[in-house]
Each structure stands twice: as structure tokens, then as C-alpha cells.
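**Student:** Using the hints provided, position chain B relative to the given structure of chain A.
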Amino acid sequence: MRRVVITGRGVVSPLGNTMGEAFNAARLGCSAVSPLRGEIAKRLLAPLAATAEFDAQTHFDPARLRMLDRSSQFAIVAARSALSEAQLEPNAAESDRVGVFVGTGMGGSLSMDEGYQTLYGEQSDRIKPMLVLMGMHNASAAWIAMEHAFCGPSLTYSTACSSSAVALGEAWLRIARGELLAAVAGGAEAPLSLGSLKAWEALHTLAKIDPTCASASCKPFSRDRSGMVLGEGSAIVVLEDRERALARGAQIYGELLGYGLTTDTSHITRPSVPGQAAAMRAALASAQLQPADIDSISAHGTGTQANDVTETAAIKEVFGARAKHIPISATKSVHGHLIGAAGALEFVLSIEALRCGIALPTMHLQTSDPACDLDYVPNSARPNAAGRTMLSNSFAFGGTNAVLAFRSP
Amino acid sequence: MPNTFERLRAILERDYSVAPDAVTPDAGFESLGLDSLGLAELLFTIEDEFKVTVSRDPVELNTVADVVGYIDGLIAAQVDALADANSLASAPNLEPRA
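Heads up: the protein sequence lines correspond to chains A and B, in order.
Just so we're aligned, residue 0 is where the first sequence starts under numbering that gives the first Met the number 0, counting upward by one.
Just so we're aligned, residue 0 is where the second sequence starts under numbering that gives the first Met the number 0, counting upward by one.
Here chain A stands alone, though its shape is the one from the complex:
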């Protein structure tokens, strides 16, 4: 197997649109969760979200912009940042060995929601001609491939909340097997339409507004947690064959070592300890690591009742008594749940945390749930200078558990 390294990173996120901004906000625990305003807020029981500050007009000309759902806008801009940092520049002979792998749970749902509003709300039969292109799940991957003339596989993964972790893992596999030289991989999501928010609300998964501080409403592993907060954005990395990266003198930010993937078959939404534990074990095996090699974990950590208890139990099952000594970070507490982009955002934040020798904090954690009794790095970042190797968990409705194993360069 070939070794696979990260040579570029790009984000459009609630925490900022550069790696520096996003990482600093995560490090300092600056929450991007805030109340929604306007008409949409009146229709929601708890109008909260983590929105990205993003001016699309500065990135796209009007004709192109009219073809792009907000999720694709995020993905394209994040990919540009990652590729600019990586300076990948494959030659013509290499271009069909560079692929694009994007995860998204809801694709162009924001555009589709607007289309439905036209059709059903306004009773108009005139739908925008570009709606199919905006709504299709593979739009982001297609636009990135076209913009950079990457002629290898352009693939889209939709496994709900683990979509981008799957995209990263599948890209890793192809480079590790020697099929590709490099890949642009990650996820994008723009789920903050009334339709999506109401759908998530109907599932009773969304957090209540914290009465004293709305930005503290997402409280993973806390006794008073009440659910997740939806977020939007994209995180994209350039994965590259290590030999190629070294040969061209590229800056290496980390190494993706392996990837575990399992499916719960017990329930469409309820997470399962055996399934999550099996995914972590599969990631360790794929990376040729032992549990003792893991220095910290980026938790799926949604702040829902079911996830946090189950994930805690699964970590204990894999790591045994040592589980209590592993720093576990749940950064969704500050950037919300980006659904199909969540795993990729948590991956790039974790890679940077390893590089900086810290464990990122889980914010808004004053008192842990008694069933969540591990070290979640509550409320402030912690030095973790000896930390070299991490797991990042992403668990999804539909039962797709994806775990990435990686280390600092």
C-alpha cells in the first residue's frame, strides 16, 4: 500500500473561511452557533444554526452563480483554497489519476426547497431551468473536477452524517492502492432551508435554545444536552501519494493512515455500540495501529441523547481502561453539525490540532452525563504535545459508521 498525505486544506465554515480562522475559533471555543433571524425563525421551535459568512458574488460571476447551489459554492471555494495551498498542478499525463471525492448528505436541497416554494407555495409552474443541475448531489464534485481538469473518478458519497468521512476514506483507498496520485476530497453541506430545518426538528434531534447563552446550545456529552444544531459549510483536502509529495517538496500537514467502515443493521437512526466499535477497530486495523497508539479522538459528539452515550460506550469497548485517559474532542459544540461536511471539517481541525500539539475543547460542558464519563477536554484546549495519532469518528443515520485514522507529519 502507498502512503497518503495531506498537502492542502480549505474550508468555508461557520468558524471562518480560512484554516487559520477556523482552527483558532475551535481552539478558543468561540461558538458560531447563533439564533436565526427573520421569517424562518418564526416557523421553528428553536431557531438556531451555525451559518457560514460567505459572499458568493466575490467568488463567482453571475452566470455561473445561477447554476450553483450554496453547497456547491462552498465546495468549489474550499477546493480552490486546498489546491492553492497544495500547489498540486498535475501535468496532462497525470490528470486522469487525480480524482474528486465529495460527501454530502442533502446535496442541493436548498435549491430544491426554493423550487418547491415556487411550485407549491406560489402555485407557479415556472421552475428555474438550472434547478436539476443545482439540486443534483454530484454537482460539487463535477464542478471541482471541471474547474481543475481532474479527469480521474469524480464521485459523490451520500451517507448522511458520515458522508465526507466516507469520501475521504474512499479517496485514501484509491491512492493507497496506487490507482490515483492525488485526490481532492471532503464534503459540503448547506442545509439551512426552512424545509430541512423543519424536517430535522420533526425528528426531535435539534437542540433547545440555551436560555442564558444561545451560542452555548450545543452541549455534547453534557448532562443537560438537548440535541444538535445544524451548520453549513465545506471542508476539502488534497490527499496525495506521499512519494509524489516528497519528490516535489510539498508541505505535508498530516498522513491519513486508514479508514474503517461498518453498517449498523439494527435501526435506521438508533446508533449501535457494536457497529461504532467495529468501525473504530476497522480503522485501527486498516492503519496497522493498536488501540494503544491512539493519542486523541475527534468524537462524532452531536449532543443528542443517543449518540453521546453510545459513542462513549463504543470508545470504552475499543480502548478498555485506557479510554478514560484519551482526550476526546467534540467540536460540533462550536461549529454545529454540518451533516455531510461534518467529518471533513472535524478531520482538518484535528490534523491542525496534532500539528499544534493540542487537544481541541468540547465546549459548553459543565457537568457530564453520568453515562458519558470519559475525558472530553471540557471548555478549554489542552496541550497534547506528545499526541501524534488520532481517530475521527463519523456516525450516520442509516447506520454508516466511518472512522478515519491519521497522524501528524
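Any given hint might turn out to be false.
[Unchecked claim] Residues of chain A clear of chain B, computed beta-carbon distances all greater than 12 angstroms: (1) Gly37; (2) Arg42; (3) Leu202; (4) Gln304.
[Claimed, not checked] Per label pair, the in silico range of CB-to-CB distance: (5) B:Glu12 to A:Ser123: 21 to 31 angstroms; (6) B:Ala21 to A:Asp54: 22 to 32 angstroms; (7) A:Ala55 to B:Leu81: 40 to 50 angstroms; (8) A:Glu178 to B:Arg6: 45 to 55 angstroms; (9) A:Leu245 to B:Arg6: 55 to 65 angstroms; (10) B:Glu46 to A:Ala55: 18 to 28 angstroms; (11) A:Arg125 to B:Glu12: 21 to 31 angstroms; (12) A:Thr264 to B:Glu12: 51 to 61 angstroms.
[Unchecked claim] Partial chain B-side listing against chain A, Cβ under 7 angstroms, derived: (13) Tyr15; (14) Ala39; (15) Glu40; (16) Phe43.
None of these hints come from the bench; they were simulated from the model.
Yeah, the Cβ is synthetic: ideal placement off N, Cα and C, and Gly gets one too.
**Tutor:** What follows is chain B alone, placed relative to chain A:
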């Protein structure tokens, strides 16, 4: 009031950043940067701006002059249809009494 050509030129400048000088009657849409998708979107905009309904049947529209002629034809057909409707409304009722 600007004529159809001038209004179309303004749309092309606004929505597709086409330089006004490039919009001539003979200009092809490909040369103005509009492919088949762009033309489909332009027809949608034309429906909004000119208050016409574009046929769902294929129409051969290659140049600016083609589209100007097509819009003018749709507007003329609407005027004719309105005139017919008005004349019917004002015609004496010739229905036989029951």
C-alpha cells in the same frame, strides 16, 4: 421605450456580462458565451421580462436577430389573440333563443 433588440442587449449585459458592443444582430450565442444551457436560461428570463410564453417545442435560435424576431413574433401573436378575444366579446349574441 427601448426596442426588443435593446432590451435583449441589456439582459445579456446584466446576466451574462456580455459587452454591449458585441451584441449585434448577426452575433451567435456561442460567440457571446452562451451555450445551450445559457440559452435555455435566457428564454426563461425573456418570458419574465417580455411577458410572453416560449413554446415548449424546439425553436431554431442561433443569433441575436433570431431571438429578437422570435420575441417580436410572440408579442405580435399575443396582440392578435387579445384582439380576437375583444372582437368576440363585443360581437352580437347570435345564439338562437331556446
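**Student:** Each hint should be assessed against the structure and marked as holding or not.
**Tutor:** Status of the hints after comparison with the structure:
no., hint, verdict
1, Gly37, "25 angstroms, holds"
2, Arg42, "28 angstroms, holds"
3, Leu202, "36 angstroms, holds"
4, Gln304, "47 angstroms, holds"
5, B:Glu12 to A:Ser123: 21 to 31 angstroms, "27 angstroms, holds"
6, B:Ala21 to A:Asp54: 22 to 32 angstroms, "28 angstroms, holds"
7, A:Ala55 to B:Leu81: 40 to 50 angstroms, "41 angstroms, holds"
8, A:Glu178 to B:Arg6: 45 to 55 angstroms, "53 angstroms, holds"
9, A:Leu245 to B:Arg6: 55 to 65 angstroms, "59 angstroms, holds"
10, B:Glu46 to A:Ala55: 18 to 28 angstroms, "25 angstroms, holds"
11, A:Arg125 to B:Glu12: 21 to 31 angstroms, "23 angstroms, holds"
12, A:Thr264 to B:Glu12: 51 to 61 angstroms, "57 angstroms, holds"
13, Tyr15, "5 angstroms, holds"
14, Ala39, "5 angstroms, holds"
15, Glu40, "5 angstroms, holds"
16, Phe43, "5 angstroms, holds"
Violation of the numbered hints given earlier is absent; every hint is satisfied by the structure.
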